[in-house]
Structure formats: C-alpha cells, structure tokens
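**Student:** Residue 1 is where the sequence shown starts when you use UniProt numbering, and the numbers rise one by one after that.
Just so you know, the hints here were simulated from the structure itself, not pulled from any lab data. What you are looking at is a predicted structure, and each value in this text was computed from that prediction instead of being measured. Heads up, some of the hints might be wrong.
[Stated by the list, open to error] Taking lysine-lysine pairs in the BS3-like style, the calculated list, with each CA pair at most 30 Å apart, reads: (1) Lys28 <-> Lys40; (2) Lys14 <-> Lys71; (3) Lys2 <-> Lys14; (4) Lys65 <-> Lys23; (5) Lys2 <-> Lys27; (6) Lys23 <-> Lys84; (7) Lys48 <-> Lys23; (8) Lys40 <-> Lys65; (9) Lys22 <-> Lys65; (10) Lys40 <-> Lys14.
[Unchecked claim] Derived CB-CB ranges, DEER-like: (11) Lys65 <-> Leu6: 35 to 43 Å; (12) Gln39 <-> Ser19: 33 to 41 Å; (13) Ile75 <-> Lys23: 12 to 20 Å; (14) Trp13 <-> Leu47: 32 to 40 Å; (15) Ile72 <-> Ile44: 31 to 39 Å; (16) Leu4 <-> Arg90: 26 to 34 Å.
Beta carbons: idealized from backbone N, C-alpha and C, even for Gly.
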Amino acid sequence: MKYLILFVIQIYWKVIPASKRKKCIFKKSCSNYVFETTQKEGFISGLKAFRFRFQNCRAGCQVFKDPVNGKIQIILPSQIIVEKEEMSERLTH
1 MKYLILFVIQ IYWKVIPASK RKKCIFKKSC SNYVFETTQK EGFISGLKAF
51 RFRFQNCRAG CQVFKDPVNG KIQIILPSQI IVEKEEMSER LTH
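Start from the sequences and build out the full structure, keeping to the hints where you can.
**Tutor:** What follows is the structure, encoded as structure tokens:
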C-alpha cells in the first residue's frame, strides 16, 4: 500500500505541471510532504499526513503578526498555529 501512495504521487507530478497545481500554503508542498512522510514512516503515517494537509491547506487560513513577539504566523482551519519557517514564502510577503 505504501508503494501505491508513492506511485500515485509520482504520477501526479508527471501528469500535472507545477504551474497548474494548486499553490500550497506550506513551504514544503503537500505532495512532497506526504511523499516523504510515506517513504520514511510508512502507509498509515502517509495517510495521516495526507489527511492533515487536505484539511488544512485550503481556504480558511489566516496570516497574522503575533502582537507579543512580532512573528508572522498562520492559523490553520484546524486552529493550529504554524510559524513563518513552515509557511510558503508567497504568504509572508
């Protein structure tokens, strides 16, 4: 099953050009994140990574500047706060 997920992601990369893919809010794209997680940790972890990214890499996130420390952060639809280092650079400029 692990290899099926990896194969499907590789097909996605070959069939859909990068310019046509949805722009990810994370620095590491969702497909790369799921691919690496599946490769390193296995099928179940890959599915969990996919589920997390699918639920959170969509509309509904908000970029804000923390008034306490001045850091740019993003709050995901699941109410998880992500630091600037994990965010796509297009969101921080």
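**Student:** All hints, please: hold or fail.
**Tutor:** How the hints compare with the structure:
1. Among the hinted pairs, lysine 28 with lysine 40 is consistent with the structure: their alpha-carbon atoms are about 16 Å apart, no more than 30 Å.
2. Of the supplied pair hints, the one linking lysine 14 and lysine 71 is violated, its CA atoms being roughly 37 Å apart against a limit of 30 Å.
3. For the suggested pair lysine 2 and lysine 14, the alpha carbons sit about 19 Å apart, so the restraint of at most 30 Å is met.
4. Straight-line distance between C-alpha atoms of lysine 65 and lysine 23 comes to about 22 Å, which keeps the hinted pair within the 30 Å bound.
5. Among the hinted pairs, lysine 2 with lysine 27 is consistent with the structure: their alpha-carbon atoms are about 24 Å apart, no more than 30 Å.
6. At most 30 Å may separate the alpha-carbon atoms for a hinted pair to count; lysine 23 and lysine 84 meet this at roughly 17 Å.
7. Distance hint between lysine 48 and lysine 23 is fulfilled; the C-alpha atoms sit about 21 Å from each other, no more than 30 Å.
8. A threshold of 30 Å between alpha carbons decides the hint, and for lysine 40 with lysine 65 the separation of about 34 Å lies outside it, so the pair is violated.
9. Distance hint between lysine 22 and lysine 65 is fulfilled; the C-alpha atoms sit about 25 Å from each other, no more than 30 Å.
10. A distance of roughly 22 Å separates the Cα atoms of lysine 40 and lysine 14; the hinted pair therefore holds under the 30 Å criterion.
11. Checked against the hint of 35 to 43 Å, the pair lysine 65 and leucine 6 passes, with Cβ atoms roughly 38 Å apart.
12. The hint said 33 to 41 Å for the Cβ distance between glutamine 39 and serine 19, and at roughly 25 Å that hint is violated.
13. Taking the beta carbon of each, isoleucine 75 and lysine 23 are about 18 Å apart, inside 12 to 20 Å as hinted.
14. Between tryptophan 13 and leucine 47, the C-beta spacing of about 19 Å breaks the proposed range 32 to 40 Å.
15. Remark: the range hint 31 to 39 Å for isoleucine 72 to isoleucine 44 is upheld by a beta-carbon distance near 33 Å.
16. Roughly 31 Å separates the CB atoms of leucine 4 and arginine 90, a value that falls within the hinted 26 to 34 Å.
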